[in-house]
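Using the sequences plus the hints, can you model the full thing?
According to the working numbering, the residues represented by the sequence shown are 2 to 217, in order.
There's no promise every hint is true.
Stated by the list, open to error - Below, computed lysine-lysine pairings styled on DSS-like, alpha-carbon distance capped at 25 Å:
1. LYS203 to LYS169
2. LYS36 to LYS3
3. LYS8 to LYS36
4. LYS185 to LYS137
5. LYS3 to LYS102
6. LYS102 to LYS36
7. LYS206 to LYS154
Unchecked claim - Restraint ranges, calculated between C-beta atoms of paired labels, are given here:
8. ILE13 to TYR84: 22 to 32 Å
9. TYR151 to LEU195: 19 to 29 Å
10. GLU190 to ASP108: 20 to 30 Å
No wet-lab data here; the hints were simulated from the structure.
Where is the CB? At the ideal position from N, CA and C, for every residue including glycine.
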Amino acid sequence: VKLACEKINGTILYPGDEFSFNDIVGERTYAAGFKDAAIYLSGEIVDGVGGGICQVSSTLYMAAVGADLEISERRNHRYTVTYTELGEDATVAYDSNIDFKFINNTDHAIMIQIVQESNYVLCEFYGTLTDETRNKTVTMEHTVTSYSEYGTKYEVSEDVPVGETSVKNGGYSGYSVTVYRVVKENGVEVSRTLENTSTYTKLDKVILINPEEAEI
2 VKLACEKING
12 TILYPGDEFS
22 FNDIVGERTY
32 AAGFKDAAIY
42 LSGEIVDGVG
52 GGICQVSSTL
62 YMAAVGADLE
72 ISERRNHRYT
82 VTYTELGEDA
92 TVAYDSNIDF
102 KFINNTDHAI
112 MIQIVQESNY
122 VLCEFYGTLT
132 DETRNKTVTM
142 EHTVTSYSEY
152 GTKYEVSEDV
162 PVGETSVKNG
172 GYSGYSVTVY
182 RVVKENGVEV
192 SRTLENTSTY
202 TKLDKVILIN
212 PEEAEI
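Written out as C-alpha cells, the structure is:
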C-alpha cells in the first residue's frame, strides 16, 4: 500500500489526460518491492504479491468521484471489502489487465497527493478553484437491490488436531447495489446520475475440522 502511494503521489494530470493505475504503479513483483498479502483469486482468499493494493485504487476512485471527474474504467471486487461502502471500491490486477482509470475532464491541471498514514490511505486532489466548483460537493449513494447472507460449511483437514477447529476463511454476504453520483451546489441537489452497478458474490464461511470428527 505504501509503495503504491509513493509511485502515484505527485502525479499531475493536464486537461484531457487519463490516469491509469496499472501504468503508473507498474507490475507488482518482489523485485519491485511489493510484498505478499491477501488477494481474491479464483473464488479463494490467498496470499499474493501486491495484496492489499486495491485500498489505494479504491481511495483514488472515491477521490475522483468527489472531484466530479470522468471514470473511464472501474470494476468492483468479487467479494465485499471493509474499507469502502458498497459500490465505492475499485479492484486492480496487473496480470489480468484489470485497471482503474479516470480522465481529467476539467479545464485545469490536477495534482494527486496520496499517502499511507497509520492504517488508512489519504488522497487529495489539488486544482484550480472556480466559481463553478467553489460551493459544489459530490458524493456517492448506494441502494441495495439484492442480498444473500453467507452460510457456514465444514471441510476436513489432516492439519487440524482432534478437538480443534480452524477457520479457513470468513464469510462474505452477497450484494447487488446501484450507486448514484449526487452533485449539490450550496447544499442543494442539482443532479443525480448513475455511477455504477456492482455485484458482490456470496462466499460461505469455511471451518476446518479433523477427519475423525467429520460425519460419515
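(Q) Given the hint of 22 to 32 Å, is the C-beta distance from ILE13 to TYR84 inside that range or not? (A) Hint holds: Cβ distance 26 Å, inside 22 to 32 Å.
Q: Take the C-alpha atoms of LYS36 and LYS3, compute the straight-line distance between them, and say whether it is at most 25 Å.
A: Measuring from Cα to Cα gives roughly 11 Å; hence the hint holds.
Q. Does the structure keep LYS102 and LYS36 at a Cα separation of 25 Å or less?
A. holds, 24 Å
Q) That 19 to 29 Å hint for TYR151 and LEU195 (C-beta), does it hold up? A) Holds - the Cβ-Cβ distance for TYR151 and LEU195, about 28 Å, lies within 19 to 29 Å.
Q. Taking only the CA atoms, is the gap from LYS185 to LYS137 under or equal to 25 Å?
A. holds, 6 Å
(Q) Checking one constraint from the list: CA of LYS206 to CA of LYS154, max 25 Å. Satisfied? (A) Judged against 25 Å, a Cα distance of about 6 Å means the pair holds.
Q. Taking 25 Å as the top limit, are the C-alpha atoms of LYS8 and LYS36 close enough?
A. Judged against 25 Å, a Cα distance of about 15 Å means the pair holds.
Q: Take the C-alpha atoms of LYS3 and LYS102, compute the straight-line distance between them, and say whether it is at most 25 Å.
A: holds, 20 Å
Q.
Within 20 to 30 Å: is that where the Cβ-Cβ distance between GLU190 and ASP108 falls?
A. holds, 24 Å
Q.
Need the status of pair LYS203, LYS169: alpha-carbon distance at most 25 Å?
A. Holds. LYS203 to LYS169 sits at ~15 Å (cutoff 25 Å).
In summary, the structure agrees with every hint in the numbered list given earlier.
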